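S.K.: Hints in hand, dock the two standalone chains.
What follows is the residue order along each chain.
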Amino acid sequence: MTTRHYLGVDLGSTTAKAVVIDGLGGIAASSTIAMGAVSRRGMQRAIDAALESAGLETAELSGTVSTGYGRKLVPGVQRTFTEITCHARGTSEMVPGVRLVIDVGGQDSKAITVGSDGLVDEFAMNDRCASGTGRFYEVLARALECEIDDLGALAMQGNDDLEISTMCATFAETEIVSLMAQDLPVADIASSVHRAIAARTLALVAQVGKRTPVVLTGGVARNPAAVHFLSRALRVEVGVPEQPQITGAYGAALLALEADQRGRPVQDVAGADHLFPRTSHDEPGHSCAGCDGNLAGPVDLGASIAVRR
Amino acid sequence: MTVPAMERLVRAARDTRGYVAAWRAAHPDGKVLGVMPMNFPRELAHAAGLLPVIVPDDQEPVTEGRALLPEFYCGFTRNLADQVATGRLDLYDAVFMADHCIQLVGAADVARQLQPETPVFFGMLATSLSDAWAGQKVAEMMNTFREEVEALSGSKVTDESLRASIAAYNADRRALRQIFDERTAGSTAWAPTELQDLVASAMVMDPVEHLALLELARAEKVGQPRDERVRVHLSGHMCHAPRRELLQVIEDSGALVVDDDLWTGRRFLSTDVDEVLEPMEAIGHWYTSRNGNLPCPTRVQHDADWDTWLVESTERSGAEAVIHLMPKFCEPHMLLYPELRKRLDAEGIAQLLIETEHEGIPLEAFRTRVEALVERVLRKRPAYA
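Line by line, the protein sequences are chains A and B.
Letter by letter, the first sequence follows residues 1 to 309 in the numbering used here.
Letter by letter, the second sequence follows residues 1 to 385 in the numbering used here.
Same shape as in the complex, but just chain B (with noise of 0.2 Å):
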């Protein structure tokens, strides 16, 4: 019996070891690499010849790892701890990553430490995208990750390959940001799992295999018109996905999510890769012109701020409602947030603040929260006519 593409999708989303041994055995020979999100440019790794992996949080729960890193860590960097701790990052050939944030980078160097088999690469690239050096030093960083990936595969990363692989991921990319706009537009019912189901397996597959069975899902989603729940934006978990079971209570409450900025969302699909330019000028243009799309509080930019993304966004989607999901303890997140909470209450955009855990959320409290700003949103309703 043919497995349905949407449950295949699931699957290789939540099941990276499980995706990863089936791409083994079809590539004998092949390398994977553990990729730390949020700013490593996969396309050089996959022309490279490698399966690039954006390192999911597998949402176990954080045991041996507990002590690796300190409780004011995030979720995700203690769960990376952890999954370093019992063999669980032992999927990868090598892990490598760009520059992310503090926190993120403590997980590298437990894995650095702990596993000092396993190749972990760290490249700074420049935070500071405003400053006129910046775009060089990007383009000298992206050289050295196009080396560094050279010399773990033992191939060349040709103008030819990474084209291809622009054009494969670029696509890919495409076809998701299609889906999205299909939600916010409101002609296809899509649930938030979904969708980060889609997103999550995209950051696990090669992109051909994985653009294959996104259009085979688009096809098999029946539509469905939406109902007159309270449309609300996601925002934040700018580097791992919220928990599911979350995002259930949230629509289960009464919320209609409508549009987001999530990493497992709009985020991930901000920017593709110019096919224009130069493949590498472009690799670093990617990079550079992100922010631009869908600012992040770990980069500096002085034309960029989300909160007016944010207030636009809402404008575009018709969202009555802005949830944000905090992870505890992420600091560039806690940092900005009174930005956009002064922002969205000056707009009068309705707003709830959920401080998310990477275990033991209390989902019952969490779901009085949102049922009482559906019910703040609904009771300010115009009325219908």
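One chain only, chain A, in its complex shape (with noise of 0.2 Å):
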């Protein structure tokens, strides 16, 4: 019976996810709360809910990472790493052969081609725009009077021809208002957003390459609406994880759990990191800027060339 566990936590714009594993890489425990932007108390009652569920006190725990935009705000990690990473290691872990992923998150969406190891290839992210992200999504259900959760369902019912000119997650929903005005039904608005939205992704998905199998991530993943519309964009089928929002934090407790293995004894992990040859994060001529992690001594997250040099 393995007594090691390790925690991953995804501190995103809009939802903070905490994981914890076992040794094997099984979860034990999942948590998501939504708490709006980076919030370090959604992340609290995030990490302390899947402790909670998996019966363990932090002390226990053998190696926690953190992903997502806040990070580097999360305490006691060994290690950071981005979402991209941990998405690809997630989802790979969840979906076997999976090559291309496509998350889509409160403020961000991303493709990422993954290799047969497992890690990123390719990846290309959405610009400063928030079309097609999560909150895009809640900005469309605003506009129809509909629930967040209802929302695929309406556009499930209705024909997606109408014509949906602006992706601008401001001016769309002056669109939409105006679409409402003209009487045309609900749910051919929210079809036809889905639909245009699914174009949008189509064209980031153009960015890295399109890969089968693919599997979307992310909060979106769980809108029937938004899998049936980037299904057909791509012409693929579009597999989803049973749990799709932690997936990234799942890869960075797997990532966590990685880092463990291969710091007792050092041993070559095929695909994954491999050591550094020193010993500490304070030794001379080392920056945890970007550094492995896998070190003695604690990880300086605000580790800065301007500071260092």
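Hints were generated in silico from the structure; no laboratory data involved.
Worth double-checking, as some hints may not be accurate.
[Stated by the list, open to error] Some chain B residues judged to face chain A by a derived CB distance under 8 Å, without partners named: (1) Ala-365; (2) Thr-368; (3) Glu-375; (4) Arg-379.
The structure displayed is predicted, hence computed values, not measured ones.
We treat Cβ as the ideally placed atom computed from N, Cα and C, and that holds for glycine.
M.R.: Next comes the structure, spelled out in structure tokens:
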């Protein structure tokens, strides 16, 4: 029986996710807390809920890795990874063989191609525009006066033959209101917007190249219409993991597990990070900016060249 | 208290107006020529007694100039238009430019229109460098440039004065190249922002004064061994400086810049003027040979291509990845980028495209992208013995 446990925390723009795994990589507990932009309280609640569900105290954890825009706010982490690396890692574990991960988060969306080794090949992120992100769906739901959880079902009832001319999260709301003022069916508006968003996501995929199998992750993956229209735009089946929101946190926990395995004793894990031939983070010549994190002593999460030089 | 040399260079790089004011105070009869990048031979202006200053993107927000050029023009040209509109370009007694790109020509037109009292001279240089007639056409334009700077300064450009200016700029470039070579070799940890300041100050200052300070700054620099961050080559930004905060984010995200082909970097230093040839012939030769030394997508030359140069450069420097810094919306770079990307993919060199903007750049999103690139390279690094 394994006694080691690892925590992965994904502190995103609108939700905090925490996943506890055991020493074999199995999910022991998870939690998702929606709390608004990069919330420390949300993060702590997510961590507390996951630990409580797993029946663990913080001190019992053998490693913690954080990810997401708020990754450097998470206390006690051994390492931070970007959500790109973590989503690829978590999704390839949940859906073995996946080659293209499309993650739609609260404020950004990403297309990540994954190699046969489960590692990131190429990635592309949306620019500053919120089009096609979770935030955009929230705007759409508000304009259509429906709950966000009901939006997908509504869109699945409609015909997607209305022309949506803008994908700007601000101006789209204006356009949707205009369509509603014309007494057009709400379901048709919803489906048309979903179709337009899928086309936008296609442009993101084009930057990295279409590969299959495709998996959609992030909160938007719970929206059946988003999955349907994306699948239609890509002309391939789009899979969704059982818990699409926690793939980043799960990937972070897996990376914590791998780092721990490599830390005792030094061994080469195919396709994974390799230890640097140093012993501590404060050794001369070492910068924690982007380091592997597998050294003795605390990681300097605020490591800056400006400070170091 | 003596101001350290590096600090003086940084001041000149970041406060063009301050440096020019000090120069004018020391040279009451002197004239300052604003030179648009990238191809005007400053040696000619210097030999005529002018202070040639390569007009920088002063990194101020575009305000009144916003309406003067379309939004799809690059940030640098819109910034130049804004400098004109707000009177910031009145720093110069005249503005000269050699052929560059169509967007910059637009900025020069704005200057000509809104600041009619300031002479604006635009000389076309042959862009098709493989053509047999290119050399002759370039020589003719260089002679025109000579006549124009003589008319502006009221002084003749003699062979002797031109040789002296050529030697002064060459010496400054050589010293800068040596510093860049040290950075690439890993013997001295020059941050990209520091190197940018060194080059940007060279674009503003008198070359003799700059060289003296440069040598002091180099002596002040303490050697530091290279750390194990992911070695990257910065590519792009062919005619103006990327934002300092972006360079900072790149190195703070686990990347170590070991080489570049930036305008405020290797591109500016790529070619010296031949000191053996007749000076006017050497000036023409400088222009026609630059593209072969570091290709530019605004020039056409059949035996020079940027992608090959880039691959060979990463081999020399040991760069593990290339970060493309592409200003929105630099057409020459945009058009060539697919070739660069395909070639680097074929060579198995990791790469990242960052589209930069004049203002409001999303630094945190860029940080995530650079960190993801770093993670990708680290996870594929061979194991240490």
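S.K.: Against the structure, test the hints numbered earlier, and report the numbers of the ones violated in rising order.
M.R.: As far as the earlier hints go, not one is violated by this structure.
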